[in-house]
Amino acid sequence: MIESRQPAVAAQVSTKNATSSTVPCGTINRDVWLTFVSPGTTVTVVSDQAGQTLKLFSGSCGSLTCVFSATFNNVYTGLTAGATYYLKVGTNYDFPKQNIRVFAPPTNDECIDAVVAPRDQRRCRC
Numbered sequence: 001m002i003e004s005r006q007p008a009v010a011a012q013v014s015t016k017n018a019t020s021s022t023v024p025c026g027t028i029n030r031d032v033w034l035t036f037v038s039p040g041t042t043v044t045v046v047s048d049q050a051g052q053t054l055k056l057f058s059g060s061c062g063s064l065t066c067v068f069s070a071t072f073n074n075v076y077t078g079l080t081a082g083a084t085y086y087l088k089v090g091t092n093y094d095f096p097k098q099n100i101r102v103f104a105p106p107t108n109d110e111c112i113d114a115v116v117a118p119r120d121q122r123r124c125r126c
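Those letters in the sequence shown? Residues 1 to 126, by the numbering used here.
Any given hint could be a false lead.
What the hints assert, rightly or not - Computed spacing ranges between beta-carbons, pair by pair:
1. Thr27 - Cys111: 37 to 47 Å
2. Gly40 - Thr71: 38 to 48 Å
3. Thr41 - Asn73: 10 to 20 Å
4. Val46 - Ala83: 50 to 60 Å
Read the hints as simulated data drawn from the structure, not as lab findings. No residue lacks a Cβ here, since even glycine has one placed at the ideal position from N, Cα and C.
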C-alpha cells in the first residue's frame with residue numbers, strides 16, 4: 001500500500017513479465033496494482049515512464065469500479081478523503097523498474113491559503 005498522507009510518496013514497480021488482469025477499464029497488456037488511502041479530494045499520480053496507462057478504481061477487489069483512466073501522469077479530483085483506491089499501472093512494454101508517486105496538493109495550493117515566505121536575515125542585503 002502506498003501511504004499518501006505524506007507530502008509525496010513513491011512505490012517502485014516493475015511490469016517485466018507482468019500479465020494483463022481481467023478487471024475492465026480498457027485493455028493493457030502488462031499491469032501491476034497499487035493501493036492508497038486518499039488524503040483528500042484531489043490526488044496527483046506521477047510516473048517516471050512515458051507510455052503508461054493509469055487507471056484508478058474504487059470499491060473492493062471483488063467489485064471494482066473504474067473511476068478514471070489516464071495516460072502517464074494525472075490529477076484525480078472528486079475523490080473521497082479517507083477512502084481506499086486501487087491504481088492499475090499498465091503498459092505494453094517491460095519496464096524493469098519504474099517509480100510511481102502519489103501525493104495530495106499542498107495546503108497552500110490556492111491564493112487564499114498563501115504562506116508568507118520568511119525573510120532570511122543572514123542573507124538579506126537590503
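Quiz prompt | Structure-inconsistent hints, enumerated in ascending order | solution = Failing hints, ascending: 2, 4.
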